[in-house]
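A.B. asks: Chain by chain, the residues:
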Amino acid sequence: MQVDRKEILHIANLASLNIKEDEIEEYRKNLQDILNFANIVNSVNTDNINETIGSTNNVNVFREDEIKEFEDKELLLENVPDKENNMFKIPKVI
Amino acid sequence: MELYELTVHELMDKLNKNEITSEDIVKSYTKRIEEKEKDIGAFVTITTDEALEKSKNVKNRNLAGIPIGIKDNLCTKGVKTTCSSKMLENFVAPYNATVVEKLEDEGIISLGKLNMDEFAMGSSTEYSAFKTTKNPWNLNAVPGGSSGGSAAAVASQMVPWALGSDTGGSIRQPASLCGVVGLKPTYGLVSRYGLVAFASSLDQIGPITKDVEDSAILLNVIAGHDEKDSTSANMPKKDYTKSLVKDVSKLKVGVPKEFLGEGINEEVKQSVEEAIKKYKELGATVEECTLDIANEALATYYIIACAEASSNLGRFDGIRYGYRAKNFETLKDIYKNSRSEGFGAEVKRRIILGTYVLSSGYYDAYYKKAQKVRTVIKQEFEKLFEKYDLLITPTSPTVAYKIGTKSNNPLEMYLADLCTVSVNIAGLPGISIPCGVDKKGMPIGLQLIGKPFGEETLLQAAYTYEQEVKFREKYKPQFKS
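Those protein sequence lines, which keep their order, are chains A and B. Numbering follows the numbering used here, with no gaps: position 76 of the first sequence is 76. Numbering follows the numbering used here, with no gaps: position 447 of the second sequence is 1447.
Careful: at least some of the hints might be erroneous.
To be verified - Computed list of lysine-lysine pairs in DSSO-like fashion (alpha-carbon distance at most 30 angstroms, straight line):
no., chain 1, residue 1, chain 2, residue 2
1, B, K1238, B, K1086
2, B, K1269, B, K1378
3, B, K1372, B, K1257
4, A, K68, B, K1470
5, A, K29, B, K1131
6, A, K83, B, K1257
7, B, K1402, A, K29
8, A, K73, B, K1277
9, B, K1086, A, K89
10, B, K1440, B, K1470
11, A, K83, B, K1332
12, B, K1440, A, K68
Honestly, the hints are just simulated from the structure, not real lab data.
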């Protein structure tokens, strides 16, 4: 698969990343190199093979839905970059 | 003999006989950190003052009062957890990781948080946003990664043991490059709650120690089911120290020939072949076998790990915690600017690759295909484990290399993980133990791979070899510059 400039900008936008003009070519080339290598997976015969999603065979691990109070609400909020009255503060969205 | 030179089980002996106190131990390590940290740079945060306070109130029981170092992607309540990233430079976790809670329950005392590649993405610590840790055997060489701070701190005896995390080799490869023991447990044996996620289906926490006995002791502490991690295995608790028996006579060992072929340094190959010979002498049945999946596993690994990382790292948006950019107008600006300024280049590269393989049009060709290849790789291992109790390979294709030689070539850096990633892909346990040094005196590591939850066999085989070869008595880091 060939990756062009337009594609790398599209992917960066999906990932919420800005890429500076002078970095575009480097990121494009890195992605292209790795994809060229990663193409080996397409040489493996996987007819009638299912996907492995995780490393355990557990499906639907259930537990009781109980309310547990988190002890340190203060500590939680200490990491907030901008807050007002125990709420996360962000720019106006509507 | 200084206390910092001892293993944990030796320290425990002395503590239990009341020959020394926890305070003596912590003081010895504090002095050692003062001497060596300036050359090694293993720590992101040093907490020796707090450790000294704690050591004064220790009641003698088992591991109480023994110090430890913790990789900086494990959440520690009240102490910064940075993941060696600008994104989390000032993040203080409001809770402890389950493994950290287990250490505290035992009375184990943290000496600080250890350096790593940013968000555990890398094989050398050169991708740390703060500093590159130096290899104690040669200060111009990398310590490996991503748990390079943990391995270098243990090798330079600034901590008696440490916790690391391993997504594609991040415990075993730095342990190999620093001449110490690194154990990556079976996926699910140790709770991942409070480990900052890189690739959730591959990540696993494990010990980095001076010897195999200490690995078994630390595994006893951290293993176990946790309802806060739905992928953690619910099974009876084992005492891994019972596996420390010097006997491999009943073991059937497979040596996948592909892992001793192309791409493996000649001196590494020779040293591993010597080790294999030693296993034969010790009575194990050793056979060559075929496991022709190394390159496919590496490709599968980078697709799956980056896909999961791009999803996991989506949470860093500058809203609830972590770095927030100074300049923004809209909400989308906060996300984009905070992420672009907060993440380093390698993290962005991997997020871009992960986003690409998950994006519409490429999902089937890369991500879905890689998940199928993952099944094939698991099946290949299952076939081998019908015949063998464990497999032997080198841990790393090379010894520690010079700082700066690979950091600008991501693909070449990824090849450092050639021998280790398939173990994570299949969710198996693996251990790296030192097996010799090259002509320049740099350590070489041997990797043993076991069946799922076959840690006991791994530890027994590693212990038998270690007791026979006595690497620690023969070789010591020289802090060469």
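A.B. asks: State for each hint whether it applies.
C.D. replies: Right, here's what the structure says about each hint:
1. K1238/B to K1086/B: Roughly 40 angstroms separates the two Cα atoms, so the pair is violated.
2. K1269/B to K1378/B: 25 angstroms, holds
3. K1372/B to K1257/B: 24 angstroms, holds
4. K68/A to K1470/B: 50 angstroms, violated
5. K29/A to K1131/B: Given pair K29/A, K1131/B holds - Cα atoms ~26 angstroms apart, limit 30 angstroms.
6. K83/A to K1257/B: Violated: K83/A and K1257/B sit about 59 angstroms apart, past 30 angstroms.
7. K1402/B to K29/A: Distance ~25 angstroms between K1402/B and K29/A Cα, so the pair holds.
8. K73/A to K1277/B: Violated, because 58 angstroms separates the two Cα atoms, which is more than 30 angstroms.
9. K1086/B to K89/A: Given that 30 angstroms is the threshold and the Cα spacing comes to 21 angstroms, the pair holds.
10. K1440/B to K1470/B: 19 angstroms, holds
11. K83/A to K1332/B: 18 angstroms, holds
12. K1440/B to K68/A: Status violated; Cα separation ~57 angstroms.
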